[in-house]
Amino acid sequence: MRLQKAMLVFRKDWREVSRNWEVILPMIVIPLMFSVLLPVVLALIPSREAVPGSSLGGSEEMLRNLPSSVRDQLVGMTDRQVQFYMMSLYFFAPFFLIIPLMASSVIASDSFAGEKERKTIEALLATPISDSELFLGKILVSFIPSMMLTVISFLVYSTIVDLLSFSIFDGKLLLPNPTWIMLIFGLAPTAALTSIGLTVMISARVKGFREAQQISAVLLIPVLILIFGQLTGAIFLGPIMVGALTGGFAIVDILLFNMGVKLFRREEILSKLA
Amino acid sequence: MSVIETEGLTKRFGSFTAVDHLSFEVREGEVFGLLGPNGAGKTTTIRILACLVSPSEGSAKVLGHDITSDSLRIREVVGILTENPSLYERLTAYENMDFFAEAYGLEDQQERRGRIRELLEFFELWGRRDDKVATFSKGMKQKLAIARALVHRPPIVFLDEPTAGLDPESAKAIRDLIEGLSHHEKSTILLCTHRLEDAERLCDRLMIINRGKRVIVGTVEELQSRMGGKPVLQVTLREASQKVVEAVRGLKQVKQVDADSSATKLTIALDDIASATPEVVRSTVHAGGMVLSVNTLHPSLEEAYLRLVKERSS
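Heads up: the protein sequence lines correspond to chains A and B, in order.
Quick note on our numbering: the first sequence kicks off at 15 and runs consecutively.
Quick note on our numbering: the second sequence kicks off at 76 and runs consecutively.
Only chain A is shown next, with the shape it has when bound in the complex:
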């Protein structure tokens, strides 16, 4: 496989995508909402101390199920500090898995299905770019921009969280910490690759972009389960869990790529021309 050819497909697709504001706008807006709005909401909600008799809502369950190592970190903190610490470092973490998935879903759904709809696919398939190069190129054009957005969102989120934690924790900065670094640079890319790989495979097999996007929306369900699992305390995204999930997704990614290339059939793609 020639990486240069895959990058050629990436560059061509990115040129097209970057000139399409219908794709670019939601790609930028959703991460911005997560990275700016989540910490702002966190700053605005009143602390437990300020509202007598209030609770931490869904986080009560999570607090009860926390591993002892995390509970030790909370020793000596005020309720306001516990609330901020738990929400900013644990509650909101799974949202940063949604960012690459949502950002990539539009491009990945469009990868082959869009070319079929715009009737550009035949000339592309006629080139001497191999199946694996074509498949990888289509994955990269979804993966690279979505991961860039995820990292930028993480930097924005970290900056806002640190600005807030500086006053709440008397000069202490919470982010980045090792778990978040593992999450952003390990789990997010491997999970995104799984979702992108599956979406590109779906895109090659359906007739149109909308169909591909509707089917690929199902891929968000595991991440939503992770969010609710974390809220209910059933799952805890600590370093061990993040590491294990990263490893698991990495294996799935390798298997998925090989399967995607094996199942990639030019003839079948052409037969699904709209």
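None of these hints come from the bench; they were simulated from the model.
Predicted model, so just to flag it, every value in this text is computed and none were measured.
A few of these clues could be false.
[As the list claims (entries may be wrong)] Have a look at the derived ranges for each label pair, beta carbon to beta carbon:
{"#": "1", "chain 1": "A", "residue 1": "Glu225", "chain 2": "B", "residue 2": "Glu182", "range": "34 to 40 Å"}
{"#": "2", "chain 1": "B", "residue 1": "Asp206", "chain 2": "A", "residue 2": "Leu51", "range": "39 to 45 Å"}
{"#": "3", "chain 1": "B", "residue 1": "Asp141", "chain 2": "A", "residue 2": "Ala258", "range": "44 to 50 Å"}
{"#": "4", "chain 1": "B", "residue 1": "Ser131", "chain 2": "A", "residue 2": "Ile42", "range": "46 to 52 Å"}
{"#": "5", "chain 1": "B", "residue 1": "Gln184", "chain 2": "A", "residue 2": "Glu281", "range": "32 to 38 Å"}
{"#": "6", "chain 1": "B", "residue 1": "Phe88", "chain 2": "A", "residue 2": "Gly252", "range": "53 to 59 Å"}
{"#": "7", "chain 1": "B", "residue 1": "Trp201", "chain 2": "A", "residue 2": "Val43", "range": "38 to 44 Å"}
{"#": "8", "chain 1": "B", "residue 1": "Phe88", "chain 2": "A", "residue 2": "Val43", "range": "52 to 58 Å"}
{"#": "9", "chain 1": "A", "residue 1": "Gln18", "chain 2": "B", "residue 2": "His258", "range": "33 to 39 Å"}
{"#": "10", "chain 1": "A", "residue 1": "Arg224", "chain 2": "B", "residue 2": "Ser90", "range": "28 to 34 Å"}
The beta carbon of each residue, even a glycine, is placed where N, CA and C say it ideally should be.
Chain B: place on chain A using the hints.
Coordinates of chain B only, in the frame set by chain A:
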């Protein structure tokens, strides 16, 4: 030397047979036409030869490479104008060309630029190179798509309906370009068309296919002669004269004489036009006929083609 050879090429889509045991060969440097009505199997044949679709049965070689086992190599040596222009409308003409040039292996940027400029100038699109393809007319898109098919100097070019959907002026411009192209690029061209004027003007040889089956192969003249009969002599007289008709009918070289309703135009079937014409003219004049013109009428490919396709379909 044959650069394309097919043997019993067949493609079935479920119970429908799009290409039915097609065997033919294309010689190096010729413009070979695949002529047939819509749905005859022309596009499927090109897709099989371009390794986009695999055959259900039979075999084919392109420049000696087997289509089933050496598809990547075939894609490198073939340029293709697909049924649709297949251009990226959000990219400029130059960006489209640059992508395909690199995809087809032109790694050196300077070389790519030179080649793209050469082609866009030939197709009179260099001035619009930085415009997005979305702003191009249908004819311009078609020109650009042909230029793209040639960007890597392929020894074999497949052109699928290059003038389809174009207005007569644009279609003529594309025909002129393809004609120039076969001399300029010295490529072997496999031209797929349902337009007789394209086939007649551009093809050295052509094969008529109908319902996926080969009907006939030959040069335009051979096909005209084999399908539409031999050329006939037409003599136009100033005045009608039954005496002239009888005189011509009496000649031993003459097989048949048809006169129009006014009997001023005689259509004469002869064994050998070249040797018999002087004798026909002499007899006409001798019988008192005043000859205004003498023409050799070749049967039209269109008539012959339509008759053939109709015969096969019924």
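Structure-based check of each hint:
1. Glu225(A) <-> Glu182(B): 34 to 40 Å: At 37 Å between Cβs, range holds.
2. Asp206(B) <-> Leu51(A): 39 to 45 Å: holds (41 Å)
3. Asp141(B) <-> Ala258(A): 44 to 50 Å: Holds: the Cβ-Cβ distance is about 48 Å, inside 44 to 50 Å.
4. Ser131(B) <-> Ile42(A): 46 to 52 Å: holds (48 Å)
5. Gln184(B) <-> Glu281(A): 32 to 38 Å: With a Cβ separation near 34 Å, glutamine 184(B) and glutamate 281(A) satisfy 32 to 38 Å, so the hint holds.
6. Phe88(B) <-> Gly252(A): 53 to 59 Å: Taking Cβ atoms as reference, phenylalanine 88(B) and glycine 252(A) lie about 55 Å apart, which means the hint holds.
7. Trp201(B) <-> Val43(A): 38 to 44 Å: holds (40 Å)
8. Phe88(B) <-> Val43(A): 52 to 58 Å: Violated: the Cβ-Cβ distance is about 44 Å, outside 52 to 58 Å.
9. Gln18(A) <-> His258(B): 33 to 39 Å: Holds - the Cβ-Cβ distance for glutamine 18(A) and histidine 258(B), about 35 Å, lies within 33 to 39 Å.
10. Arg224(A) <-> Ser90(B): 28 to 34 Å: holds (31 Å)
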